[in-house]
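Asker: Protein chains in written order, with our numbering: chain A, 1 to 237; chain B, 1 to 249.
Mixed in with the good hints, there may be bad ones.
What the simulated footprint calls covered on chain A by chain B, stretch by stretch (three residues with Cβ under 8 Å from a Cβ of chain B suffice, anywhere in the stretch; the number is not a length) [what the hints assert, rightly or not]:
id : region
1  : 70-78
2  : 81-89
3  : 103-110
When the alpha-carbon atoms are kept at most 30 Å apart in a straight line, the in silico DSSO-like pairs for lysine-lysine are as follows [stated by the list, open to error]:
id : chain 1 : residue 1 : chain 2 : residue 2
4  : A       : Lys91     : A       : Lys121
5  : A       : Lys121    : B       : Lys136
6  : A       : Lys91     : B       : Lys136
7  : A       : Lys121    : A       : Lys15
Hint data in this document are derived by calculation from the structure and do not stem from the laboratory.
All figures in this text were calculated on a predicted structure; none of them were measured in a lab.
All C-beta atoms in this analysis are idealised placements derived from N, C-alpha and C, irrespective of residue type, glycine included.
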Amino acid sequence: MFGDEVYHLGVYLRKRRGVYPGETWNQMFFMGYRSYPIVCLLLFLVGVTISITSAEQLRMFGAEVYIADLVGYAMLRELVPLMTGVILAGKVGAAITAELASMTVLEEVDALRTMGLVPEKFLMVPRLLAITLVVPLLVAMADVAGILGGIVVARVTFGMLPSAFLGQMVNSVDWTDFAWGLVKTVVFGWAIVVGSGFKGLTVGRSAEEVGRATTESVVLSITMIIIIDCIFAFVLY
Amino acid sequence: MDIIGARSLTVGYGRTEVLRDLSFAIPEGRITVVLGVSGSGKSTLLKTLAGLLPPLGGAFDFAGAPVDYGSEASLRRLYDRIGVLYQGGALLNGLSLFENVALPVRMHYPDLPEDIVRDMVQAGLAQVEMAEAAAKYPAELSGGMRKRGALARALVLDPAVVFCDEPSSGLDPITSSLLDDLLLRLKTTFGMTLVVVTHELRSIERIADEVLVIDGGGLRFSGGADRLAASDDAFVRTFFLKRDSHDDA
């Protein structure tokens with residue numbers, strides 16, 4: 001299905017046909033605007049948590065100043081992509097499966113097919129485009145939120161000024177860390193959309209299967225995210 | 001002239017055969033009713049004829065050309081010439097009725113000027129007496145209105161055949177009768193071919209020109225509605241006798 005979706009996306013970008021006008025914007029609104037508060041809140045808390053747990057260890061070695069390096073590197077490279085992926089799997093992936101599975105059960109997908117449309121294109125391409133466009137913004141906001149969490153803890157625990165924190169952090173991380181985090185999250189997003197869409201479009205014909213497919217899609221998405229993350233770890237480190 | 005011709009058609013899901021070895025013809029410009037008890041495979045047959053479920057055996061022609069499920073072009077030719085009214089209407093909930101009816105027009109003719117799209121949609125909605133509900137969303141419509149709206153969507157590109165899956169299901173007798181009137185009008189006014197799946201005997205009596213009766217995994221009767229009463233098939237006789245006894249009661 002992944003290959004099919006890449007093909008449909010390519011055909012759409014070339015011909016700009018077969019997708020309902022405005023649907024990509026609707027999906028971007030749902031995936032981005034409706035997701036950023038929870039993504040930012042959770043990543044801020046993750047930033048706080050990782051700073052608190054590592055602060056004590058760093059203090060034992062007199063290496064408090066490296067909290068900025070640790071938070072910056074961990075957030076940009078690993079925690080923001082992973083946590084954003086998991087949040088999107090629970091929020092966006094589950095919604096995609098529930099919506100498409102309901103459409104399948106209510107014969108709306110069959111209706112699209114007999115109208116001469118390709119449901120795998122009509123329904124999936126706007127979602128793929130939306131996740132691709134929305135993820136960079138989400139990642140940027142989540143990075144800021146996570147680092148902010150670290151800054152708060154560093155200020156409260158060590159009395160470290162935010163400017164010192166940021167100065168120390170930019171010595172150890174660079175734009176490639178942000179870029180790799182971004183690439184990883186986009187790949188996670190694609191895996192979530194394709195996996196959730198597949199679950200939704202291949203559901204059976206009863207209402208109870210909608211619930212089952214939704215649960216399975218979240219598990220599938222998180223599993224794929226962790227496997228892909230593992231592959232990235234082997235490639236990048 | 002026959003618009004659909006089936007030869008030894010076997011339909012079902014996976015390896016499960018629901019209907020076996022069906023051979024029949026559906027004539028152009030008439031209403032053919034597919035009749036059978038619940039679970040007999042009426043909707044399964046309709047799905048196969050509408051290009052949604054590959055046959056497990058046999059073949060069928062549409063407008064003189066064989067339908068090849070392995071060929072995307074063949075299925076596309078079929079989809080271009082049919083409209084389907086689904087049991088629940090199957091209108092897209094996120095779109096207004098107007099946008100639902102406009103959807104096939106916009107997707108098939110993306111360069112069509114907006115005023116022509118609007119005229120086509122309004123004409124389609126007027127045909128089913130739903131012009132005043134164009135701005136409403138499916139959730140705001142009654143069951144009968146949803147079906148009429150879905151019928152407008154099925155008709156908007158002027159298909160050669162309209163398949164209707166249980167159009168009366170879930171409707172009160174008055175709304176059901178109005179829908180039957182609508183189907184009859186499509187035939188008499190526009191010469192449209194309709195294939196209607198139902199088990200509502202009242203509807204059959206009013207609208208059927210031709211009848212296919214299916215039961216027990218096979219075809220029990222195929223022919224003119226006027227010949228149905230004279231059938232000596234035990235199932236057909238029981239089906240109608242039961243109706244008679246209900247009516248008497």
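Asker: Quick check: do three or more residues in the region 81-89 of chain A have a beta carbon closer than 8 Å to a beta carbon of chain B?
Answerer: violated (count 0)
Asker: If you look at each residue in the region 103-110 of chain A, do at least three have a Cβ nearer than 8 Å to any Cβ of chain B?
Answerer: It holds: at least three residues are needed, and the region 103-110 of chain A offers 5 whose Cβ sits within less than 8 Å of chain B.
Asker: Sort out whether Lys121(A) lies within 30 Å of Lys91(A), counting only the CA atoms.
Answerer: holds (22 Å)
Asker: Below or equal to 30 Å on CA atoms is what counts here, so check Lys91(A) against Lys136(B).
Answerer: holds (29 Å)
Asker: Straight-line Cα separation of Lys121(A) and Lys136(B) no greater than 30 Å?
Answerer: Roughly 26 Å separates the two Cα atoms, so the pair holds.
Asker: Between Lys121(A) and Lys15(A), does the CA-CA distance stay at or below 30 Å?
Answerer: holds (13 Å)
Asker: Tell me if chain B covers the region 70-78 of chain A under the three-residue, 8 Å CB rule, please?
Answerer: violated (count 0)
Figure legend: structure checked against the earlier numbered hints; hints not met, in rising order: 1, 2.
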